[in-house]
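Sequential numbering of the sequence shown, starting at 104, is according to the numbering used here.
Don't read these hints as lab results, they were simulated from the structure. Be aware that a few hints might be false.
[Stated by the list, open to error] In silico PhoX-like pairs for lysine-lysine, Cα to Cα no more than 20 Å straight-line: (1) Lys282 to Lys110; (2) Lys308 to Lys181; (3) Lys308 to Lys110; (4) Lys110 to Lys181; (5) Lys208 to Lys172; (6) Lys175 to Lys208; (7) Lys208 to Lys181.
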Amino acid sequence: MVSKSQKRGIAYDLSSINDLNAMSDGISWYYNWGTAPNAGLPYSLSAARGVDYIPMLWNENFHEPSVLKFFKENPGIKYMLVLNEPTIGLQAYTEPQRAAELWPKFENIARQAGVNIVGPQVTWGTMPDYQAPADWLEAFIAAYAAANEGRQPQIDFLGFHWYDYGLDDQLTLLARFGKPFWVTEFANAHSQQDGAQIDSLEKQKAQMSEMVALCERREDVFRYAWFTGRVNPDPHFQRLFEGDGELSELGRHYISLPY
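When you get a sec, could you build the whole thing from the sequences and use the hints?
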């Protein structure tokens with residue numbers, strides 16, 4: 104009998120067995136934007152608590168033999184996150200053409216390891232001409248097809264990040280690409296002083312309840328991950344942990360929500 108959501112996870116570098124134990128009754132996976140778990144929390148420990156670690160190839164700087172070695176040693180992991188926020192300058196822009204050149208490397212690793220590709224992790228960005236995630240995706244897919252005899256890139260799941268109201272509408276906009284989703288970062292960080300700003304724990308709890316219910320309800324959302332575990336300052340009350348192994352009120356709320 105399944106006793107927790109198989110979709111629910113966290114976007115956070117779990118490094119403490121106490122944090123894992125506090126959270127593991129309510130999540131089934133996590134990632135840390137890296138290609139291996141934190142040295143303080145080997146994968147065997149999280150796996151024993153029913154929490155998968157999912158590696159990410161954040162951009163084009165990765166060591167392929169190390170990635171393949173990790174998958175070989177952990178054959179239960181069947182997914183690989185790739186390419187984080189290509190249209191946001193803080194992450195260093197990845198132009199659609201460059202992503203098309205890089206994608207066969209991801210495909211090669213996925214083929215050798217027998218894993219699914221989850222990505223790119225798209226969101227609304229700041230790249231000139233490609234602020235809208237759909238615009239960047241269309242250009243990327245066209246560039247890949249042009250370089251690969253009309254073939255489509257392997258995208259088994261599409262990653263998406265969202266920090267405002269309207270998650271349902273955003274996913275529906277991207278549904279035309281025909282891919283199931285991993286919502287790999289989400290919370291509500293609405294900060295405009297318009298009466299709808301998230302400036303209290305109760306408002307964030309209400310938003311969490313609504314967004315989690317949506318992700319659980321939508322059949323095209325395969326997994327989702329709240330951002331984040333700890334952050335300081337925390338103006339929008341997003342943190343899931345307080346001290347080591349101590350859930351925040353929001354963290355307790357997250358693992359208690361229906362699925």
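Hint by hint, here is what the structure shows:
1. Lys282 to Lys110: holds (16 Å)
2. Lys308 to Lys181: It is violated: about 32 Å lies between the C-alpha atoms, which goes past 20 Å.
3. Lys308 to Lys110: Satisfied, since the Cα-Cα distance of roughly 19 Å is no more than 20 Å.
4. Lys110 to Lys181: Answer holds: Lys110 to Lys181 is near 14 Å, not above 20 Å.
5. Lys208 to Lys172: holds (16 Å)
6. Lys175 to Lys208: Roughly 17 Å separates the two Cα atoms, so the pair holds.
7. Lys208 to Lys181: holds (17 Å)
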